[in-house]
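S.K.: Based on the provided sequences and hints, a complete structural model is requested.
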Amino acid sequence: MRMSHMFGRTLRDAPADAEIVSHQLMVRAGMIRPLGSGLFSLLPMGYRVVKKIEKIIREEMDAIGGQELLMPVVHPADIWKESGRWYEVGPELARFKDRADRDMVLAMTHEEIVADLTRQDISSYRQLPQIVYHLQTKFRDEPRARAGLIRVREFTMKDSYSLDLDEAGLDVSYQKHYDAYNKMFGRMGLDFIVVSADVGMMGGSKSEEFMAFSPNGEDTLLICENHDYAANREVAVFARPTVMSAEKLPLEKVATPDTPTIDALCKFLNITRDQTAKAVFFEGASGAFIFAVIRGDYDINETALRQATGETDIVPASPERIRKHGAEPGYGSPIGVTDAVIVIDESIANGYNFVAGANEPGFHYRNVNAGRDFEPTIIANIASAAAGMRCSVCGGELQEARAIEIGNIFKLGTRYTEKLKATYLDEEGRPHPVVMGSYGIGSGRAAQTIVEQSHDEKGIIWPVNVAPFDIALLSLAPATDTETSAAAEALLAELEAAGYEVLYDDRPERPGVKFNDADLIGLPIRLSVSPRTLANNQVEMKARKDSEAVLVDRAAILTAVRDRIEALRASELTWPTES
RNA sequence: CGGGGUGUAGCGCAGUUGGUAGCGCGCGGCGUUUGGGACGCUGAGGUCGGGGGUUCGAGUCCCUCCACCCCGACCA
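Position 414 (the first sequence) corresponds to 413 in numbering that gives the first Met the number 0; numbering is contiguous.
The set of hints was computed from the structure by calculation and includes no laboratory data.
Hints may be right or wrong, so weigh each one.
To be verified - Derived DEER-like restraints, expressed as beta-carbon distance ranges:
1) 94 <-> 214: 34 to 44 angstroms
2) 225 <-> 81: 42 to 52 angstroms
3) 12 <-> 376: 35 to 45 angstroms
4) 10 <-> 68: 37 to 47 angstroms
5) 62 <-> 425: 22 to 32 angstroms
6) 570 <-> 348: 24 to 34 angstroms
7) 71 <-> 559: 42 to 52 angstroms
As the list claims (entries may be wrong) - Straight line, CA to CA, 25 angstroms or less: simulated BS3-like cross-link-like pairs of lysine-lysine:
8) 137 <-> 205
9) 544 <-> 205
10) 80 <-> 418
We treat Cβ as the ideally placed atom computed from N, Cα and C, and that holds for glycine.
M.R.: Written as structure tokens, this is what we have:
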């Protein structure tokens with residue numbers, strides 16, 4: 000490819016609306032261009048990266064027996080009504096009507112379609128197991144797109160679906176994906192970890208996320224210092240200190256003026272946060288008023304609370320709603336509230352003599368004890384894990400890390416196949432629902448995540464396996480120097496004949512411009528041809544991640560390039576930390 | 001959806017008490033230059049986000065709508 004005719008130029012300044020470094024570099028290097036919020040075009044260079052990523056994905060999917068097909072982006076709403084998600088999923092599912100006034104949706108995922116294909120084409124146990132996959136556009140009307148390709152509304156996803164006879168079969172398919180994902184991300188050079196995760200709107204029994212470390216990540220992970228436990232904070236558990244039994248002291252009401260926060264209360268009464276019971280109020284999707292009580296030094300994990308209450312969604316309750324049930328914001332107490340689902344954390348159930356609100360401004364109770372002073376509806380672990388807490392496996396210290404979710408695998412079970420009546424007949428002729436799993440990777444997000452992890456102050460440093468081209472070839476001579484450009488052209492032809500993808504900078508620019516653009520774009524190998532090198536019959540070679548260039552005899556350049564690229568490729572493979 | 005911010009040339013930005021729009025980079029032409037984002041001359045490029053209002057006069061003041069970004073909510 001000649002750079003003089005490459006569509007998409009490099010920018011000296013990043014657009015003001017790009018904040019995180021990978022987003023800025025992708026735009027500056029001419030990989031992507033924004034169209035609207037959460038909508039991006041991939042320019043030729045960026046699309047090359049994505050295609051490299053998708054090639055890796057296809058190879059590893061094919062290696063575990065995946066069969067590639069292609070399902071539509073536009074679906075009749077009927078099938079989403081059949082699965083129930085038409086009603087369950089919120090506004091992120093884009094809905095519209097066609098010309099005949101039929102409800103339609105834009106695909107945000109394809110479980111329904113796979114279940115439909117399954118009921119049409121799978122009828123016997125003899126046809127199972129199966130793995131099918133496609134790379135197809137998804138549209139999710141995200142409440143807030145952000146950070147370039149990291150969180151977009153329209154994107155391409157590799158989603159695969161396993162179809163099995165039973166749970167044991169699903170375990171096998173799931174493990175195949177687990178291993179394949181490790182290989183894929185390892186080949187992409189990503190620094191990642193696998194963590195357990197919430198099943199969310201997908202439903203099912205088990206989910207794990209592949210997480211790439213990045214301070215700009217949207218998720219917080221908790222990882223044991225001894226590497227025997229890692230989880231998304233949404234589902235992370237931690238070891239609780241053993242509580243000694245104590246005598247339950249008599250309930251006592253005390254005046255505590257101007258103490259609506261735990262900190263103010265602790266200061267006023269000269270106690271520590273773990274001696275307080277904090278009340279947090281939510282409203283469930285069912286309309287229920289949820290009164291959560293947790294020790295003052297812990298925070299509520301809303302995912303855990305949602306699961307404990309069986310609510311599909313919970314939102315903070317309004318002060319009006321709180322007072323309607325007899326509670327007082329800032330001075331809330333489970334004692335005396337009415338018509339509420341009282342969920343207490345184990346820290347409260349197992350503790351004694353807490354200070355809690357009195358549902359009256361300026362007053363608290365001392366010596367509040369669950370079971371004696373009030374009856375909890377539900378006792379559950381609803382505390383959010385945080386750095387410094389103890390690992391539930393080994394007791395080591397949990398540490399926090401930010402990460403970007405690059406892949407997600409789910410054991411779905413029969414949720415969709417039961418709803419859509421996708422059954423097979425066993426050897427005795429009895430029908431059973433097919434057991435499903437689903438597995439996703441966003442290729443664009445993966446591309447930008449690689450940049451997030453692999454760049455320096457000058458630009459991107461692409462790993463060989465995903466680089467848009469292998470080699471940047473620079474001709475460093477005035478346009479009038481036909482000798483140098485002829486030598487560069489000859490080298491270009493030789494490299495391309497040897498199978499390399501070369502970006503040839505044939506622009507009439509000064510050397511500084513070409514060097515800077517080469518660093519910004521970040522191809523693995525840079526070759527420079529100039530009168531200076533040609534005088535000694537040499538070519539300059541520099542890997543993007545090397546600090547110094549080397550001069551190579553013109554006759555030996557192909558060998559030198561091959562050796563350097565293969566050395567880079569080998570060194571760039573990454574493998575995950577054990578979870 | 002709540003909070004905050006920004007919309008002026010392709011990109012980054014300035015624009016004073018209201019007086020008819022500029023700078024840098026980039027882009028075209030000519031010339032000089034050629035190993036880490038050269039220089040000179042010259043030129044093109046603007047519904048100042050949209051609409052309404054106040055005013056003799058609005059990029060600037062008022063109202064309203066829109067878009068985009070950030071934080072939160074949200075998120076397979």
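S.K.: Is the hinted range of 42 to 52 angstroms satisfied by the C-beta distance from residue 225 to residue 81?
M.R.: holds, 47 angstroms
S.K.: Can you tell me whether the CB distance of residue 12 to residue 376 sits inside 35 to 45 angstroms?
M.R.: violated, 57 angstroms
S.K.: Within a Cα-Cα threshold of 25 angstroms, do residue 137 and residue 205 meet the stated pairing?
M.R.: holds, 23 angstroms
S.K.: Is 37 to 47 angstroms respected by the C-beta to C-beta distance linking residue 10 and residue 68?
M.R.: holds, 39 angstroms
S.K.: Within 22 to 32 angstroms or not, the Cβ separation of residue 62 and residue 425?
M.R.: Given a distance of about 29 angstroms, which is inside 22 to 32 angstroms, the answer is holds.
S.K.: Should the hint that residue 570 and residue 348 are 24 to 34 angstroms apart at their CB atoms be regarded as holding?
M.R.: violated, 52 angstroms
S.K.: Is residue 80 within 25 angstroms of residue 418, Cα to Cα?
M.R.: holds, 10 angstroms
S.K.: Is the hinted pair residue 544 and residue 205 satisfied, with a Cα-Cα distance of at most 25 angstroms?
M.R.: violated, 40 angstroms
S.K.: Do the beta carbons of residue 71 and residue 559 sit within 42 to 52 angstroms of each other?
M.R.: holds, 49 angstroms
S.K.: Using the C-beta atoms of residue 94 and residue 214, is the stated range 34 to 44 angstroms upheld?
M.R.: holds, 36 angstroms
Hint compliance for this structure: hints 3, 6, 9 are not met, and every other hint is.
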